[in-house]
Structures are given as structure tokens and as C-alpha cells.
Amino acid sequence: MLTKQKLDQFGIHTFFTLFTIGSLLPFVLIFMVSISDESSISANGYSLLPTSISFAAYRFLLYDFTEIARAYGVTILCTIIGVMVSLFNTTLLAYPLSRMELPFRRSLSFYIFFTMLFSGGMVPWYLTFVNLVPVKNTLLAMIIPGMLLSAFNVLLMRSFFSHSIPDSVVEAGIMDGASEFQVFQKIIVPLSLPIMATIGLFTTLAYWNDWYNCLLFIDSPALYNVQYLMTKTLTNIQFLLMRADSSAQAGELLAKMPRETVRMALAIVGIAPLLFAYPFFQKFYISGITSGAVKG
Amino acid sequence: MKASEAVLMQSKAEIKIWKKQRDFLRKLNKFKWLLLMTLPGVAYLFINNYIPMYGVILAFKQYNYADGIFGSPWSGFDNFKFLFNSPDAYTITRNTIGYNIVFIFLNLVLALLTALLINEIKEKVVSRFYQSMFLLPHIVSMVIVAYLVYSFLNMESGLINRLLDKWLDKEAIAWYSEAKYWPYVLVIVNAWKHVGYLSIIYFAAIIGIDKEYYEAATIDGAGKWRQMTRITLPLIAPVITTMTLLSVSGILRSDFGLFFQVPMNTGALLSTTNTIDTFVYRAMLTLGDIGMSSAAGIYQSFISLLLILAANYAVRLVNKQDALF
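Taken in order, these protein sequences are the chains called R and G.
Per the numbering used here, residue 1 is the first one in the first sequence, and the count goes up by one each step.
Per the numbering used here, residue 1 is the first one in the second sequence, and the count goes up by one each step.
Just so you know, the hints here were simulated from the structure itself, not pulled from any lab data.
Check each hint, because a few of them may be wrong.
[What the hints assert, rightly or not] Straight line, CA to CA, 25 angstroms or less: simulated BS3-like cross-link-like pairs of lysine-lysine:
| # | chain 1 | residue 1 | chain 2 | residue 2 |
| --- | --- | --- | --- | --- |
| 1 | G | Lys12 | G | Lys27 |
| 2 | G | Lys124 | R | Lys4 |
| 3 | R | Lys283 | G | Lys122 |
| 4 | R | Lys232 | R | Lys256 |
| 5 | R | Lys232 | R | Lys136 |
| 6 | G | Lys19 | G | Lys30 |
| 7 | G | Lys224 | R | Lys283 |
| 8 | G | Lys170 | G | Lys180 |
| 9 | R | Lys6 | G | Lys122 |
| 10 | G | Lys32 | R | Lys186 |
| 11 | G | Lys122 | G | Lys211 |
| 12 | G | Lys224 | R | Lys4 |
| 13 | R | Lys186 | G | Lys27 |
Source: prediction; values computed, not measured.
Just need the whole structure built from these sequences, with the hints factored in.
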């Protein structure tokens, strides 16, 4: 009996070890390629164990880092503004909906819920943000369309409010002569910090990883964010050189560029912040997924 | 006598209505600040979601940029006729539905298996470690995934071609120009990215099961396998139903990033990688065909709405509590 149990445990750990390796292997591979010597790639291809190591790709990226730094600036700026405005709007909308006596409560809930059921499709949505709210080729295009408010998050936060903040707390506040705003600011916001942190984390990831809005609305390379810079570079490695002053300089750079490795080095530079931050937020992220999944 | 009684009754009714109105206005006044708070969110949804819904009329118009949505001439069902007479309509519908059926089934089986197994791990630290490792693919963007796939499939130096050459002595495969391989590639990539995430949702449901069921079952002599099939699975059935219901109603929708970024927007692969979403994007931005691309979008939205209503109705018939709404 005991041996069977041990065998079972062994099998389970083997399964998860393989699963872990499978999840990590692709990341390890691109990292190894990024520190490989260009000549070892042309001889052996991409390999998990490069025959000779070289940081030429990173040196090449550092040589003209302005492009990447600017893209990071766009990503960071849009993420910070987007997350802050989004959290603010989500809370402002979710809290009144959690108050049972609010007039039009059912209609408002349906108004929000219906956006999850039906959409007019991508084309009219795109035209709305090109013609009606002209965000094309501005930073706002990577903040406003589609991402500023998620109906799902509003409903998630509403059920948090109705389940974890008792009505008596609000009533007591009102009895003591506080206005609705004061109740919201002094009681509700401090009590809702956990759900705000969870939704804030999901929203941060959504903004950080976004390339779709950049693909649709941004034509000017000066406004590309990191994800879209990487998209462009994947299909055309020479894209990194477009800011070179002259074609002669571009040609010189192109000759020097370690083509295969520089692409993967850019990918590493692109995911590094997320991978470094992951150990710190993973625990919180997992509990966020589970709290969203078993909502009432 | 009778007349005055009737007048009295009438005025009583009037007073009642008047009181009701007064109460409502008082309530409105009491909650005016709270209602005002909802304004930014309501306005945003109006612009981002409701105005585009009105845009469905685009599908029935011969759109040109000069006249705009309202000025462009009506064209009846021409856009739909054009769409459904093109060979693309069949390909994109087949691809979207076909991939989704495989994704839903495969991801469900793998995620349930993973969730059941992780529940058997006694050491909490180890279990946490595994979870955070297989959740990693879920947090990276599809652009990164495209890079990762490229490192495996790149023709000259990709890992797979090199391994084929080294171990099996096979010719290199031009992955990015042979459409027939992509159903496998995309199914694997999709599972790699999402199974960990789904399994954590199912695992959360499993943890919620009362331990007493298992203790009683153990006393009755039920083995692990019987406990899984007779206790765990039936008790997490509501979660499985909800998750599957959501996926099934989205069967005409596809992950744009997966089908656009991962095949690197390659024309040669369209027969197996084009879905409704990528088709709409290309028809709009590459061909500039606003009418047909919105027709395709409407086709997707309407059938999706019908599907979610039907799926929800079906679940309500079986078990009211599991329904979404």
C-alpha cells in the first residue's frame, strides 16, 4: 500500500516536472540564443547549449538604445495612466451598483452586462475611435479604446462590495452625518484595497502586454510601444535600423548586426521586466484568478 | 352620494400616485451623488460599446470615407451576399469553429487532469511552485509567444529543424510556408498558454469541496480513482459547465493574437490560420472594404449572441443554479 502511494507521488511529481520544463523551455531557448555567438548559430542553429557565448547582440542593442528606451517610455506611461483611470472608473461605477436601494440599479446592471453579450464588431468600433473620438496616432489610442473599463471587472468589484462590506457600515456612516462622498472616500475605498489591487494587477498586465491598439491606431514609429516594436522587429529585423541618420550609416550598422541573436536579445529585453516582477506578484496573481473564478 | 364617493376614491388614487412620485424624487435626490459617480463609466461604455453597436448599419451600406456612416448609400444585403459568395466565408467559419472545438475539448481534459493531480500534492510549497511555473505562459503577450514559436520553427536555425536533422536525419521543414502543419502548431501553442490558467480555476473549485466527503468515502473503502470520478468531478460540475458554456458561446470568436502574431501574418498559411477576426482585420485595413468586413463582424456577433442565449437557456432547463443569467 505504502509503495503504491509512493509510486503515485513519484508519477505526479514527474508529470509536474515535465509540465514545468515545458513551460520554461521556450524562454530558456531564446535566452540561450540571445547569448550565443553568431557563428555558433550558423553552424549549429538555435541550441539550448551554445558552443560559444557572446554578448554581441546586447552590445548592439545598447549601442543605440534610444529606440527601445522610447518604446518603454510609451509602454510605462500608458500603463500608469491607463491603470489609474481604469481603477478609478471601475470603483466609481461598481460601488453605487452594490447599494441595493439605488434607483435604476437593475437597468444600470443590465446596461453593463449587455456589453459582454453583444458587440457591434471591430469595424464600427475602430471607426468610432478614428472619427468620433479622434485618438489615431496619439498616446490616447493606447489608453482609451477597449481597455479603460472592463464590464467583467465592474461586476467582479460590485459583488465584492455587496459580499464583504455590510450595509450597516454605510448606514452608520450616513447616520453620523457623513455625505455619500465621504463614506465612499473614508470607508469604502480603504476597505476595498484588496479587490482594487487584484483588478489593478490584471489591468496592468493588459496594458503592459497590449500591441493590438498600437497595431490598429498608430502609424508613427515614434509612438510605438515595446510590444509593437517587438512585433515589427520579428518580421523585419532591419526595422531596428530605421532611425539611422543616413542610408550609409544604416548599411554599416546592418553589416555589423548579429541578425539571429539580436532578435532574441530584443525579446529578452522585452520580457525581462515581467519575468523579474513575476516572483513577487505570482502568489497574488494566482489568488486573484481564483477569487474571480468562484465569484457569486 | 355615489358620485362623491367616486371622487374621493379618485383623489385617493391620485394622492397615492403623487406620494409615489414624491418618494421616487426623494430617493433620486438622496442618491444623486451615487448616480453621478456612475457617470464616467456609463459614458465610456456608451462610446466604446453602444455607439459601435449602432454601427451595425455599416454592414448594410456601401461605405465611403467622404460620406461617412450616415451619408453613405444603402446597399441592402449586398455586403453579406458578397461575403458568403466568396470562398473565404467557408474557410474562416470552418477554421474558427474547428479550432475552438479542439481547444475547448483538449484544454478542458488537460486542465482537469492537471487540477486533479495538483490536488494530490500534499506539500503546499511544492504545489505553489508548480502552479506559478505553469501559469507563466499565461502572463506573456502573444508577441512574445510568436518569438518563442519562431525560435522552434524558424527554417534555418529553429530548434525543431535542427533536431530533425540531427536525430532523425530528416530534411528541414519550411514551417512558415506549409499550411498543413499549423493546426497542430496552433493547438499546441494554445494549450501551452491556457491549460495552466484553466487548471488553477478548476483547482480552486476542488479545494472548495468539503473534506468530509473524502473521509467518508475512504472509510467506505473507495479508492482514489472512485473518489475522483464519484465525488470531485460531480461536485465541480457547475464550474465546468459555466466555463465550457462560456467557451461554446464564443465558438465564432477567436484569439486575434494567436492567429495573427504566431503565424507572423504569413499569406501562405491563410488556409489554416485565417479566422473571422483576422479576416475582418485584413478586409478592413488591407483591402479597405468597410462594408464586407463589418458584415463579417455582424455575422459573428449575432450568431454569438444567439449561441450564448441558447446555451444559457439549455442550462437553465437542466439546473437553474448553473445558468449564467
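The hints, checked one at a time:
no.	hint	verdict
1	G:Lys12 / G:Lys27	22 angstroms, holds
2	G:Lys124 / R:Lys4	21 angstroms, holds
3	R:Lys283 / G:Lys122	18 angstroms, holds
4	R:Lys232 / R:Lys256	20 angstroms, holds
5	R:Lys232 / R:Lys136	19 angstroms, holds
6	G:Lys19 / G:Lys30	16 angstroms, holds
7	G:Lys224 / R:Lys283	29 angstroms, violated
8	G:Lys170 / G:Lys180	18 angstroms, holds
9	R:Lys6 / G:Lys122	12 angstroms, holds
10	G:Lys32 / R:Lys186	19 angstroms, holds
11	G:Lys122 / G:Lys211	14 angstroms, holds
12	G:Lys224 / R:Lys4	12 angstroms, holds
13	R:Lys186 / G:Lys27	23 angstroms, holds
Hint violations for this structure: number 7 only, all remaining hints satisfied.
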